[in-house]
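These two chains come separately, so use the hints to put the complex back together.
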Amino acid sequence: DQQVKQNSPSLSVQEGRISILNCDYTNSMFDYFLWYKKYPAEGPTFLISISSIKDKNEDGRFTVFLNKSAKHLSLHIVPSQPGDSAVYFCAASRVGNTPLVFGKGTRLSVIA
Amino acid sequence: KAGVTQTPRYLIKTRGQQVTLSCSPISGHRSVSWYQQTPGQGLQFLFEYFSETQRNKGNFPGRFSGRQFSNSRSEMNVSTLELGDSALYLCASSSPERGLQETQYFGPGTRLLVL
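Chains as they are written, first to last, in this note's numbering: chain L, 1286 to 1397; chain V, 261 to 375.
Isolated chain V (complex conformation) (with noise of 0.2 angstroms):
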């Protein structure tokens, strides 16, 4: 099976603007989540997704936002860029059908930097 995708590998944008971000699960995976990773902070939760509902919310602002397609591919939006979004975000997929216990397998990441 081919592994999680995320597109664009790499974003240059400047303070203010906006920015969507893309990933396609694994084939069969219905649970979509997404992370940001910083130096500082480490990987931090944003959100997870299943069956086009968000299901988890990490504790970010409003200007993150995501959704959810009825082919279980994500997106993640982020509004009004400030230079400390400057991060590598992630995506992950799962398959609730192997049980309550789910293994997130991750995409490449998205190298987003906030000029």
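Chain L on its own, in the form it takes in the complex (with noise of 0.2 angstroms):
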């Protein structure tokens, strides 16, 4: 049972266009959300949060949004730069219960 999806596997956008990775939840008990970045052989760097009381967070090229109705949080990029390239991995937790759950990935190649 995942309860954690990421059903893109992969994509690919152009430099300076905006790249948007989406991830979908099924446990209603999720109310905290990250987004990490993952380079081949190192572990995955944070990226970006979000708590379940709002519904949009922003850091510099990156924004979150969640819409707690439909379970789903996506990540925008923009604009996307050649080094944004790596797997991007969507994460979920309680409070109060530390364990992330997450989910399989998208690979994102940002093309000059």
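Among the hints, a few may not be true.
[Stated by the list, open to error] Calculated cross-link-like contacts (lysine-lysine; reagent style BS3-like; alpha-carbon spacing at most 25 angstroms): (1) L:Lys-1356 x L:Lys-1339; (2) L:Lys-1356 x L:Lys-1290; (3) L:Lys-1341 x L:Lys-1389; (4) L:Lys-1290 x L:Lys-1353; (5) L:Lys-1389 x V:Lys-317; (6) V:Lys-317 x L:Lys-1290.
No lab work stands behind these hints, which were simulated from the structure alone.
Quick look at the structure:
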């Protein structure tokens, strides 16, 4: 039973355009959501998070949107840069309970 | 601050052996979590330690165990290694002082290959 799903295994985007990565979850108890970026042979790097009391959080070129009714979140990267090419993981957790539940990742390729 | 460190970075073992991996959290972080990453299953939670006590446990067999020391450093041990234990093992630390919603910061991982 996959509680966090990233249905697109890969995404290609032109440099300078917007990258939109999507994530769906099934457990309505999740209330904290995170995005991590991962390069091969390295650990995931924290990018941005959002609490369920918000519907949007921005940090520079990265914006995360949360739609609680649809149990859906998305990560927008604007403008996309070649250095953004990596695997992006969506993760979710519950307040007071730290284990992160991860999606299987989306490989983003930003083409120059 | 220095990030999460893990040793060793790479390890080759044979079936039936045991292995111990080490993790040093970010200074001041008292929670350490371990995850296994494989191509087929993605990132899966193994266990979490806080103040030397196991606080959460994932759905892994008893061959996987861990502990945490008073300085928050953590080790995980896998006994009687199987081929399917080949994976990237990731350690993450977090700080409860930041509030209930804790962001976990990951180390570079230990790549284990079981032959």
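Each hint, compared with the structure:
At most 25 angstroms may separate the alpha-carbon atoms for a hinted pair to count; Lys-1356 of chain L and Lys-1339 of chain L meet this at roughly 13 angstroms. Under the criterion of a C-alpha separation no larger than 25 angstroms, the hint pairing Lys-1356 of chain L with Lys-1290 of chain L is consistent with the structure, at around 11 angstroms. Among the hinted pairs, Lys-1341 of chain L with Lys-1389 of chain L is consistent with the structure: their alpha-carbon atoms are about 23 angstroms apart, no more than 25 angstroms. For the suggested pair Lys-1290 of chain L and Lys-1353 of chain L, the alpha carbons sit about 15 angstroms apart, so the restraint of at most 25 angstroms is met.
Taken as a hint, the Lys-1389 of chain L and Lys-317 of chain V pair is honoured in the structure, with Cα atoms around 20 angstroms apart against an allowance of 25 angstroms. At roughly 22 angstroms between alpha-carbon atoms, Lys-317 of chain V and Lys-1290 of chain L fall within 25 angstroms of each other, so this suggested pair holds.
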